[in-house]
Every structure is written in structure tokens, then in C-alpha cells.
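Student: Chain by chain, the residues run as shown.
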Amino acid sequence: MAVRNSLSGQLLRRSSVVAGARFMSSWFRSIEPAPKDPILGVTEAFLADQSPNKVNVGVGAYRDDNGKPVVLECVREAERRIAGSQFMEYLPIGGSIKMVEESLKLAYGENSEFIKDKRIGAVQALSGTGACRLFAAFQHRFHPNSQIYIPVPTWANHHNIWRDAGVPMKTFRYYHPETRGLDFSGLMEDIKNAPDGSFFLLHACAHNPTGVDPSEEQWREISSLIKIKGHFPFFDMAYQGFASGDPERDAKAIRIFLEDGHLIGLAQSYAKNMGLYGQRVGCLSVLCEDEKQAVAVKSQLQLLARPMYSNPPVHGALIVSTVLGDPELKNLWLKEVKVMADRIIGMRATLRENLEKLGSPLPWQHITNQIGMFCYSGLTPEQVDRMTNEFHIYMTRNGRISMAGLNTGNVGYVANAIHEVTKSA
Amino acid sequence: MASAVLSIATQCVSPNASSLSINETHKGKAKLGGSTLRFSKSSGRISMTVAVNVSRFEGIPMAPPDPILGVSEAFRADTNDVKLNLGVGAYRTEELQPYVLNVVKKAENLMLERGDNKEYLPIEGLAAFNKATAELLLGADNPAIKEQRVATVQGLSGTGSLRLGAALIERYFPGSKVLISAPTWGNHKNIFNDARVPWSEYRYYDPRTVGLDFEGMIEDIKAAPEGTFVLLHGCAHNPTGIDPTPEQWEKIADVIQQKNHIPFFDVAYQGFASGSLDEDAASVRLFVARGMEVLVAQSYSKNLGLYAERIGAMNVISSSSESATRVKSQLKRLARPMYSNPPVHGARIVANVVGTPVLFDEWKAEMEMMAGRIKNVRQKLYDSISSKDKSGKDWSFILKQIGMFSYTGLNKNQSDNMTNKWHVYMTKDGRISLAGLSLAKCEYLADAIIDSYHNVS
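Here the protein sequences come in this chain order: X and Y. Per my numbering, the very first residue in the first sequence carries number 5; after that it's consecutive. Per my numbering, the very first residue in the second sequence carries number 114; after that it's consecutive.
If we strip away everything but chain X, and leave its shape as in the complex, we get (with noise of 0.2 angstroms):
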């Protein structure tokens, strides 16, 4: 730093004396170029390749049969209604309350005593990503000696998100590669030896990448083992109607802890179930003791959020709050989601009778066990690679298929090139 001031400034004084020269050396001299994001610098390579053969299975957005975005039709009639508003002043910080009231109905229940009594503290955030960040700054603030349990694996920017709010993380076991499914045991054994009044983050349905989710019964399991272990549970649940194709099913490991009487944190994303992924639209909610408390953890959510962008934005909080809050609109709503899980679920079935058609050596069954728009192939990074460079077809280097990505056109085409790279493994 002594360095890099002196040697700027001889070279300040000397140029500053012939007026508009220009600095020879940088204040940013130290700044190394980042890494690719992981996840997001997978479609940027996709959109570099030229192949006409190339398949995007990288990130995750839905896609329709014909490999097209979809912009939902209850959004569209949405953006109607509210086109032309006068809505364009500061929500406030906590963002829209109509949009955090039916968020939480359709998270806790649309008759939830919570909700009646007050007791949820709850914020508008910036899709998922906002909402875990906004838990972790408020985890850093009033738990600053805690750490935060995540499963291995869990997404990428998991990590970051709680590295940045300054909160250590510790892993629990999750994923069972010899079975490509859970490590029940495993997890149980980690939630039992983690010090008691630990921070566990539990993908609350269609695990994010694995696709691999516990059953009812386990889930019963684990949260009676949390509430002995007195650990807090906090969901990141991005996938609610999109895993099953029924919002209600899709919540039920979040109502079999609500009954057993957690007291939960909540970030909830309208990015993939409706759509709305360039919007950033969520909702960050802590189930409190009572209405005194839940208004004392939301104006300190506020505080928290001001420093980061004062208030969110509204534009997607209106669709959310639009759709949701008109009966019309919210069947449609679940129409749309039901056709959208069941054309991943329809996919996930053809990938794999196809690679049973090819004859591959290996097991499949993962591919239709594992539930969301992800599947955790089991491929390894150089057979990634060859995925990539031999068939132009992306995917994240952990083995991840997004399912989004495949359709009738191009199923074939992806079941024979991992055949290719997995026929000798």
C-alpha cells in the first residue's frame, strides 16, 4: 500500500504540474480480475459458441418446448392491468405490503393462525439472492458469534451470500453420490452433533442442484431432531409450485415445521415459479414469538436494508400482488405453473428412457427420483468438459443439468452425448 501511494504519487506531482495530464499508474493497480461466476458464466460462454448444435443446460430459467423464454400469460394480463399507474413512487422500505401479505398466505397457508396473529416479521427483498442476504446481515448483527449449517451441495452463491455478511459457514452432509439420492443418516448424525441453537439453511423443496429432497417422513425426522437440538431453521425455498406442480405440496416441509412449532426464517423467490427471474421479486419472513417481536425483526430488516438500496423495486412486486390477489388471475397462476413442472417432470422421463434405450452401463433412476428443474447427473468435471467441448453442451462443472434447458428437440441429442462420455466411466 506504501508502495503503490509513494509511486503514484511522484507520478501525481509530476504530471499534475502540465495541466490535464494524464495518471501513468492506477489507484487500481492491486484489483485482480474476478473469476467467472460459476453458474452465470456458463450461459456466457453458450452465447459465445457458434455450434447450431449447442444446448444451454447451465443456468437455471425455464424454458418452453421450443427452447423459448416464457413470459407467463397471468403476467402478461398483470402488466395490463397495472400499465399506465401512477406507481412509481418509493415503496417503502419493506416494500409492498400487499405483495408480503400474499406471499405469506401462500407460504404459510391462506388461513394461517401466524399470519392472524400477527406473529411474521416479514419484508419484500430482492428475489431469493436478497432475501437469504438480507437473513445474513441480520444473523451478523444479532447472532455475530453464529455460523450458518449448509448442506453439501447447496448453490453456489450460497456461499457468497453469507461469506460477504461476514457469517462463517459450516457444512452438514447431504448428498449421497453413491445413490445420487439423500444421505439421510448422515445428515441426521450432522444435525445431532452441531453445538445446540445452531443456523441450519434447509432448501425447503427441489434442492438446488441435486434435485434430491428428503420425503415427508424424513422430513418429519429432521425437524423433530432440529426442535431437540432447539437449532433455527431457515428455508431458502426458490421452487414453491415449480417442483411438483402444486404450491401447497411444495411447501409441506415448511408446514410440518410450522407445526411442530419452529420458528422459522424464509426467503421466498418469484423468480422461476412465476417467471419473473429480471424482476427480482421475494419475500425474507422470521416467524416470531408474537406480533410485538415480529414488528421489532422487521424494522431492524428495514435498517439493515436502507444502507443497501433503501427500498425495492416495484415493478414485480405489483405483478406478484396483481396475480396473486385476483381469484382469476391466481387459477391461471396455477395453471401455468402445473404446465411448467409437469414439462420438466415429462423430460426428466424421456432423458431417461432414452439413456436406458442407448444401453448405458450405468443407473438412471436418479433422473426421475430427483424432483425441480435440476438433476444431479453424477457426470464429473472432465466428463463436463467433453460435454462442452466435444457437444457444445453447457452445464456447471459440479454435474448439473438444468431440465429447463432440454426439450423434445434436443433430448436425443444430450441423452447420447452423455452416453458418449459415461459409456466407459
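All clues stand as given, with none of them false.
Only pairs whose alpha carbons sit at most 30 angstroms apart, straight line, appear in this in silico DSS-like list of lysine-lysine:
1) Lys364(Y) <-> Lys335(Y)
2) Lys259(Y) <-> Lys372(Y)
3) Lys218(Y) <-> Lys72(X)
4) Lys493(Y) <-> Lys506(Y)
5) Lys102(X) <-> Lys219(Y)
6) Lys364(Y) <-> Lys513(Y)
7) Lys40(X) <-> Lys259(Y)
8) Lys335(Y) <-> Lys372(Y)
9) Lys541(Y) <-> Lys506(Y)
10) Lys122(X) <-> Lys334(X)
11) Lys72(X) <-> Lys244(Y)
12) Lys102(X) <-> Lys196(Y)
13) Lys334(X) <-> Lys256(X)
14) Lys40(X) <-> Lys244(Y)
15) Lys218(Y) <-> Lys334(X)
16) Lys334(X) <-> Lys109(X)
17) Lys219(Y) <-> Lys72(X)
18) Lys302(Y) <-> Lys296(X)
19) Lys58(X) <-> Lys342(X)
20) Lys501(Y) <-> Lys534(Y)
21) Lys122(X) <-> Lys256(X)
22) Lys296(X) <-> Lys541(Y)
23) Lys102(X) <-> Lys120(X)
24) Lys40(X) <-> Lys72(X)
25) Lys488(Y) <-> Lys219(Y)
26) Lys174(X) <-> Lys196(X)
27) Lys334(X) <-> Lys219(Y)
28) Lys102(X) <-> Lys218(Y)
Hints listed in this document are in silico derivations from the structure and should not be mistaken for laboratory results. Fair warning: this is a prediction, and the values are worked out from it, not measured in the lab.
We have chain X already, so just place chain Y on it with the hints.
Tutor: Below, chain Y without anything else, positioned relative to chain X:
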């Protein structure tokens, strides 16, 4: 499995619930120390669950209301007819209604017709927006842009862009301080605090003249250790409305260069202050023309009325394109764990307005209209106060100040009087938002100010 769960329960009972005495039974619930045992039947089994009554966030205190945004809340709660909201800086028409610019409506209609998709933007935001915003700030033919020395990342309006800049400072300039004006926008301190960047103040506002303490400002910037970041308001200083003159800007740039400081501009009112986009960017362009490396946060909340869309940008003008590339990559790395990628709607509106010549011209006209209304209101307020106040006090600062805000020179007690007696809502530092004032209300406001100034200490 049920029996296994119960046996674990008896082994690992938490210290709080160590006494297993049942105090009372209530509708199938039993109290167990601090927790409640609930007995429920599920699928034919009776299972015992312990409801978690003690929250992890038990001791969390209520946060104070935001000093700026809290004013609007208080205003809304006031039922008196004569109430006036001069708190938050959101533009109002003469009828005191919110104003959605016509160009914005047109741009949104275009977007609706085109049926644009809602896919994720890249982490750095909409490319068309980033290009437009840098050109708007620096001028399309600025050498810095031509030489690709400008790293631009779409941000969540001014706040989000400032926070990105603060995070960059914290990570890559550890130990470096930020110098902020006394006073400055309330949220600046929160942003640097939460980003863990130390700050101190440079003198700015002179209460004796209700103007700029230029000597003090220069002295304090000089006294700061080399390599300090100096936060400057590009135009229409918030909350005072007091801007340096062009000559003073030159001297400020001199001392910043001499001390090897890094200028960090907050540009929230480009076009809104004078009515001219270029004129309002003159300070930033001056620094860039000298070859200095500069950080600039921009916002489109006021000048395009896009408040709630949260659209702005963080720009870093660097000495080389290679350096700009590296800086941009690190800004992205800071943004990803904050919100992954920025909201698309506002970015598209800006890109459409700036990128469509006929809309761009219309925008400039609407901006002149808004800035013009503010100037008229300043004039009317000044005229009203001067004619009513016989004390000989010089109120001309009202005309000299520029932009949405005016520092009235009222202290906290006097500001409270404005609210409590006159139902005029403003911030405690004496700041009023002229955007919330109509010509029709100037007389009333004049009365309120004169009363508060003279009769309250």
C-alpha cells in the same frame, strides 16, 4: 421410528426445560418449563412435540424510524387539512400529485407492445442501459469512453450503486477512509457504516451565510491522509442545495489531485438541478478531463421519476481499459451475493428513453419543466418571505441554492415547530423539499418559516 425420537427427546432435553414438572394442562397442551408440550394425533400415533416458544431473536430492540422516510409516514398519519409534506425528495406537480413522466409512459407502452421477456439480466445489468448511462454522464464522445476506461455496472438506484462503491473500497482499499460533507444525505453514513468503511467529515455548510464554507472544505480535504476517498455531490447538494461554483470546483480538483485523493461523486440529480443534463454533469466531467480516476454513483429516481424502479449505476473511470475491466469484474463479484443481478424494468425504460431520439428530446423538455417549476417555487417563496419578514434577515440563499432541497437554516426545535404547530413535515436538519411545494402554498410556508425562525429557539 417414533419410539426412537421419543428416546432421543428424553436424553437431549435442553437445559431450560430441565424440570419436567407439568404446571398446567390447557386444551391438550402442557407447559414444560418455558416451552409448551403439545399433544397431537397424526396418522394414528400420538406424538409429543415441544413448541418452541423462546425465539432466537428475543432481545431484538425496535429500530428507530428512518429519519427521512419516517417523515412521510408521520405526514400520512396527520389528519389536518393544511398539512404539507416537504420531507422526502420526490417531485410533485403544482397540484402536489406524483408525476410519471410522459416519456416513461411511452417507453413502457413500447415495452408492453414488444412483449419483452423477463429473463435474468447479467450481473452487471442491461448493456444498453450501461452504455446510455455512461454516455449521459460523461458525454458520448468523452475520451474516457472511447478509450474504454469506464467500468459501468447497473445498480439499485443511487443507494445500491453507492453501496457497491463502498464495498469495493472496503475490499480493495482496506484502511482507506471516506470524507463526507457536513452535512450530507442521511443514508450516506449508514451505507459506509454497514459496508465497514470508516468515514469522517469535511466542513461544507456555513450556517452564518447559509452557504458554502469553502475555506473549511479545502482545509479539511487537504488535511486528510493521502489516498482518501472524497465524497462529492455532483450537483444539487443534498440536503443543503448549495453547490460550489465552477471556479471553486477547479480548486477542489486541484487539492484532490495534490493530495492524491480519489473523488467519489454521488450524482442523483443530473438534469434536475439546472434543467440541463450537460451543465449538471460539468463537475464530474471536469475531474475526468484532468485524467483523474473517479468513482461515480448515478440515480434515475428523480430525473426520470423512476423512484420505485431502483435504477442507477456505479461507474469507475480508470486510467486504462485493462484496469476498468478488472474493476468491473470485481464490482460484479460484490453484486452477486447481494442480489445476483439487477431489476430489468427501470433499466429498459432508461435505455428506451435515452436511445430513442424523439423520446430523449421529450425527456429533456420534461426535465426542464420540472427544474423550472422548482425555480419558480423558490422565487415565489423568496418573494413571500421577503415581503412578510421585516427583520432585515437575508433570505436570498433560497434563490442561490439549487435543486430539490433547501437548507432553511432552521434548527431542530424550529423544525419541530414547523411540524407541530404548522403541520409542515420536513427533516430535523432544517431541510425542505421544494419539490413538495406548490406556488399556492408558498404564502403559508413563508408564515411558518418566519414564525419558527423568530419565535422559537
